[in-house]
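Q: One letter stands for each residue in the lines below.
There are 2 protein chains.
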Amino acid sequence: MPMESVEVLYAADRLRRVAVRTPLLTSTVIDDLAGRRVMVKAENLQCTGSFKFRGAYNALASMDQADRDAGVIGASSGNHAQALALAARLHGTQATVVIPDDAPAVKRQAVEALGARIITYDRRQVRRDALVRETAHREQLTIVSSSDHRDIIAGAGTAAWEMLEEVRDLAAILIPVGGGGLAAGTALAARHLNPRIQVIGVEPATANDTHRSLVAGRRLPISPPDTIADGLAHTVPAALPFEIMQKLLSDVVTVPERAIADAMARLWRHYRTTAEPSGAVALAGLLRIKHRLPNGPVGVILSGGNVDWGRFRGLVDRAMKGRNANATVLH
Amino acid sequence: MPMESVEVLYAADRLRRVAVRTPLLTSTVIDDLAGRRVMVKAENLQCTGSFKFRGAYNALASMDQADRDAGVIGASSGNHAQALALAARLHGTQATVVIPDDAPAVKRQAVEALGARIITYDRRQVRRDALVRETAHREQLTIVSSSDHRDIIAGAGTAAWEMLEEVRDLAAILIPVGGGGLAAGTALAARHLNPRIQVIGVEPATANDTHRSLVAGRRLPISPPDTIADGLAHTVPAALPFEIMQKLLSDVVTVPERAIADAMARLWRHYRTTAEPSGAVALAGLLRIKHRLPNGPVGVILSGGNVDWGRFRGLVDRAMKGRNANATVLH
Numbered sequence: 001m002p003m004e005s006v007e008v009l010y011a012a013d014r015l016r017r018v019a020v021r022t023p024l025l026t027s028t029v030i031d032d033l034a035g036r037r038v039m040v041k042a043e044n045l046q047c048t049g050s051f052k053f054r055g056a057y058n059a060l061a062s063m064d065q066a067d068r069d070a071g072v073i074g075a076s077s078g079n080h081a082q083a084l085a086l087a088a089r090l091h092g093t094q095a096t097v098v099i100p101d102d103a104p105a106v107k108r109q110a111v112e113a114l115g116a117r118i119i120t121y122d123r124r125q126v127r128r129d130a131l132v133r134e135t136a137h138r139e140q141l142t143i144v145s146s147s148d149h150r151d152i153i154a155g156a157g158t159a160a161w162e163m164l165e166e167v168r169d170l171a172a173i174l175i176p177v178g179g180g181g182l183a184a185g186t187a188l189a190a191r192h193l194n195p196r197i198q199v200i201g202v203e204p205a206t207a208n209d210t211h212r213s214l215v216a217g218r219r220l221p222i223s224p225p226d227t228i229a230d231g232l233a234h235t236v237p238a239a240l241p242f243e244i245m246q247k248l249l250s251d252v253v254t255v256p257e258r259a260i261a262d263a264m265a266r267l268w269r270h271y272r273t274t275a276e277p278s279g280a281v282a283l284a285g286l287l288r289i290k291h292r293l294p295n296g297p298v299g300v301i302l303s304g305g306n307v308d309w310g311r312f313r314g315l316v317d318r319a320m321k322g323r324n325a326n327a328t329v330l331h
Numbered sequence: 332m333p334m335e336s337v338e339v340l341y342a343a344d345r346l347r348r349v350a351v352r353t354p355l356l357t358s359t360v361i362d363d364l365a366g367r368r369v370m371v372k373a374e375n376l377q378c379t380g381s382f383k384f385r386g387a388y389n390a391l392a393s394m395d396q397a398d399r400d401a402g403v404i405g406a407s408s409g410n411h412a413q414a415l416a417l418a419a420r421l422h423g424t425q426a427t428v429v430i431p432d433d434a435p436a437v438k439r440q441a442v443e444a445l446g447a448r449i450i451t452y453d454r455r456q457v458r459r460d461a462l463v464r465e466t467a468h469r470e471q472l473t474i475v476s477s478s479d480h481r482d483i484i485a486g487a488g489t490a491a492w493e494m495l496e497e498v499r500d501l502a503a504i505l506i507p508v509g510g511g512g513l514a515a516g517t518a519l520a521a522r523h524l525n526p527r528i529q530v531i532g533v534e535p536a537t538a539n540d541t542h543r544s545l546v547a548g549r550r551l552p553i554s555p556p557d558t559i560a561d562g563l564a565h566t567v568p569a570a571l572p573f574e575i576m577q578k579l580l581s582d583v584v585t586v587p588e589r590a591i592a593d594a595m596a597r598l599w600r601h602y603r604t605t606a607e608p609s610g611a612v613a614l615a616g617l618l619r620i621k622h623r624l625p626n627g628p629v630g631v632i633l634s635g636g637n638v639d640w641g642r643f644r645g646l647v648d649r650a651m652k653g654r655n656a657n658a659t660v661l662h
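Chains as they are written, first to last, in our numbering: chain G, 1 to 331; chain D, 332 to 662.
The hints are simulated quantities; they were obtained by calculation from the structure and are not laboratory data. No residue lacks a Cβ here, since even glycine has one placed at the ideal position from N, Cα and C. Hints are supplied without guarantee of correctness; some may be wrong.
[Said to hold, decoys possible] Calculated cross-link-like contacts (lysine to any residue; reagent style SDA-like; alpha-carbon spacing at most 25 Å):
{"no.": "1", "chain 1": "G", "residue 1": "LYS321", "chain 2": "G", "residue 2": "ASP32"}
{"no.": "2", "chain 1": "D", "residue 1": "LYS652", "chain 2": "G", "residue 2": "THR235"}
{"no.": "3", "chain 1": "G", "residue 1": "LYS321", "chain 2": "D", "residue 2": "LYS578"}
{"no.": "4", "chain 1": "D", "residue 1": "LYS652", "chain 2": "G", "residue 2": "GLY314"}
{"no.": "5", "chain 1": "D", "residue 1": "LYS652", "chain 2": "D", "residue 2": "LYS578"}
{"no.": "6", "chain 1": "D", "residue 1": "LYS652", "chain 2": "G", "residue 2": "PRO104"}
{"no.": "7", "chain 1": "D", "residue 1": "LYS652", "chain 2": "G", "residue 2": "ARG311"}
{"no.": "8", "chain 1": "D", "residue 1": "LYS578", "chain 2": "D", "residue 2": "GLY645"}
{"no.": "9", "chain 1": "D", "residue 1": "LYS578", "chain 2": "D", "residue 2": "TYR341"}
{"no.": "10", "chain 1": "G", "residue 1": "LYS247", "chain 2": "G", "residue 2": "THR235"}
{"no.": "11", "chain 1": "G", "residue 1": "LYS321", "chain 2": "D", "residue 2": "ARG589"}
{"no.": "12", "chain 1": "G", "residue 1": "LYS321", "chain 2": "D", "residue 2": "GLY645"}
{"no.": "13", "chain 1": "G", "residue 1": "LYS321", "chain 2": "D", "residue 2": "ILE620"}
[Claimed, not checked] Quick list of simulated restraints, FRET-style, between CB atoms:
{"no.": "14", "chain 1": "D", "residue 1": "THR451", "chain 2": "G", "residue 2": "ARG37", "range": "33 to 43 Å"}
{"no.": "15", "chain 1": "G", "residue 1": "ASP169", "chain 2": "D", "residue 2": "GLU465", "range": "41 to 51 Å"}
{"no.": "16", "chain 1": "G", "residue 1": "ARG37", "chain 2": "D", "residue 2": "ILE620", "range": "38 to 48 Å"}
{"no.": "17", "chain 1": "D", "residue 1": "ASP432", "chain 2": "G", "residue 2": "LEU90", "range": "37 to 47 Å"}
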């Protein structure tokens, strides 16, 4: 049964009073730069610091109760891990998160602090998905994918749903594309509420698996990409999101690494907010293709803000060089 | 005629659709630290990056139209200057801003970019207030004070008004105290909507003019203070705010410089947001007196976010030292 936009509406109902209805940020400096009104949906202010909480919570809320009570399992060292851990805690059940043994200790700690159990593995010796499947089978746990499930996609789509509830006449909406769950959910939500809207995915130029796959008309794997946008370093689009993106996405554009750091600096300077590299990609894409967008206001999803201070400082520092790093105007 | 809380309500009506209804930010990490629910009113996301826009816009909107059309004048190198410039532009009139000639060029540029005229003066030779008065008289301009006027106070109070509309049962609300306009407006608004609320001002320990004045029962000047919270470096509370603070403020507490930088780092890390030093003072105060607050949720006003990257980086860097600078958990 193909996914329908009403699934996003149901997800929005489940998330009401649980997820943060994140604000829309604006800046006349960026509006001038983009030649139009720009609304930034601040999912870095979502629970656990990224949009991933929407999907994880919706997946657990939609699950058969006995399955949920038996526990869930997922693989991620990043935002999906924290999202799953909190969603499980809120549902009074246990999450198990599979993390490579060379992941930063602080990421493990963040997940453990939310009450999840951690399983580590050696990336050179063990295939992650097989480990997840075997553990799930042995311990009777339900797998919660980070992108490739309709409840994850529907949950992710609630960010755009909220945005369009407030500003129906957006000419376009731009989202970062990793596994494709956010892009697919956004397309379902946005095209339902405004059939003429352009839904545009943005990828790092080095992690262009979705762009290549859409051009080819089938899911084409790429080599493991090297990008500062670690949340988007996928090698192939997930199956169900890809199907939806093929139908509903207007375009996928790519941005160089430097434009991503530049967008992080702009988000800090003009919106006073903190984006992780993956979270800044959609703004980078907007600034790249502003000349070929239809007239009218556009929405940008700032997907997450989980970045440590040292990394943030380094990337923004570099981006500020060569520009007037001291200007403080925001209006 | 003493000020009444209804003036804040009128101001809120004038600001609807003009000012940003700024979001309330939350963090379970800070909630745990404070032992209660904490709501941060993000006035750093207000137009021109600080709450000052509320007062400036309200003052111009309340003015006799002929006076407004003849032009307004104010003295400030900081947030009031930008606020006045934008408020004038939105009302289709001209703002003149009096700025010391040694103020950072970027602050001048920010004000000029908003269309205001700048008059500079030598701080060692010229008394600022006299210069403002003479210029106003000569050019038939209306003076818009940064704190000492009922329309400024009423406008500033709309931030707390919005906050209490959303969360009526706050046990306390904490605000930074400079000239006292924000504290006075907050007290008027908050005590009207919730008579039992504690309204607590926070000052840098080195800029404790209001604390000393309230203890003495009269406005006592101090020497020009040395604090990173430049927006709060006042030498004496303004007259009308002081009168209101005497009646309605529950307490004024002071915080050391180090606690201010620490609060900036916490706001970045746990709320992913950017506070200027003055903007972080109320959170610093909360963490200092958390043990002696009444039970229940508290509100904190993050008053502004106008800080350049080099300064922000330096202060947060120092605050992060000695702590785990890499933790990324936010839930």
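Q: Each hint: holds or not?
A: Going through the hints against the structure:
For the proposed pair LYS321/G and ASP32/G, the alpha carbon gap of about 22 Å is at most 25 Å, so the pair holds. A distance of roughly 37 Å separates the Cα atoms of LYS652/D and THR235/G; the hinted pair therefore is violated under the 25 Å criterion. Proximity of LYS321/G to LYS578/D is assessed by CA-CA distance (about 50 Å); at most 25 Å being required, the pair is judged violated. For the hint linking LYS652/D to GLY314/G, the alpha-carbon distance of about 16 Å falls within 25 Å, and the restraint holds.
For the hint linking LYS652/D to LYS578/D, the alpha-carbon distance of about 41 Å lies beyond 25 Å, and the restraint is violated. Between LYS652/D and PRO104/G the CA atoms are separated by roughly 19 Å; this keeps the pair inside 25 Å, and the hint holds. A distance of roughly 15 Å separates the Cα atoms of LYS652/D and ARG311/G; the hinted pair therefore holds under the 25 Å criterion. A threshold of 25 Å between alpha carbons decides the hint, and for LYS578/D with GLY645/D the separation of about 39 Å lies outside it, so the pair is violated.
Pair hint LYS578/D plus TYR341/D holds up; C-alpha atoms about 22 Å apart against a cutoff of 25 Å. Between LYS247/G and THR235/G the alpha-carbon distance is near 21 Å, which keeps this suggested pair within the 25 Å criterion. Between the alpha carbons of LYS321/G and ARG589/D the distance comes to roughly 28 Å, so the proposed pair goes past 25 Å and is violated. Annotation: proposed proximity of LYS321/G to GLY645/D holds, straight-line Cα distance about 16 Å (limit 25 Å).
Restraint check for LYS321/G and ILE620/D: not satisfied, since their Cα atoms lie roughly 40 Å apart, outside the 25 Å limit. Taking the beta carbon of each, THR451/D and ARG37/G are about 35 Å apart, inside 33 to 43 Å as hinted. In this structure, ASP169/G and GLU465/D meet the distance hint of 41 to 51 Å, their C-beta atoms being roughly 50 Å apart. At roughly 42 Å, the beta carbons of ARG37/G and ILE620/D sit within the given window of 38 to 48 Å.
At roughly 57 Å, the beta-carbon separation of ASP432/D and LEU90/G lies outside the given 37 to 47 Å, and the hint is violated.
In summary, the numbered hints that this structure violates are 2, 3, 5, 8, 11, 13 and 17.
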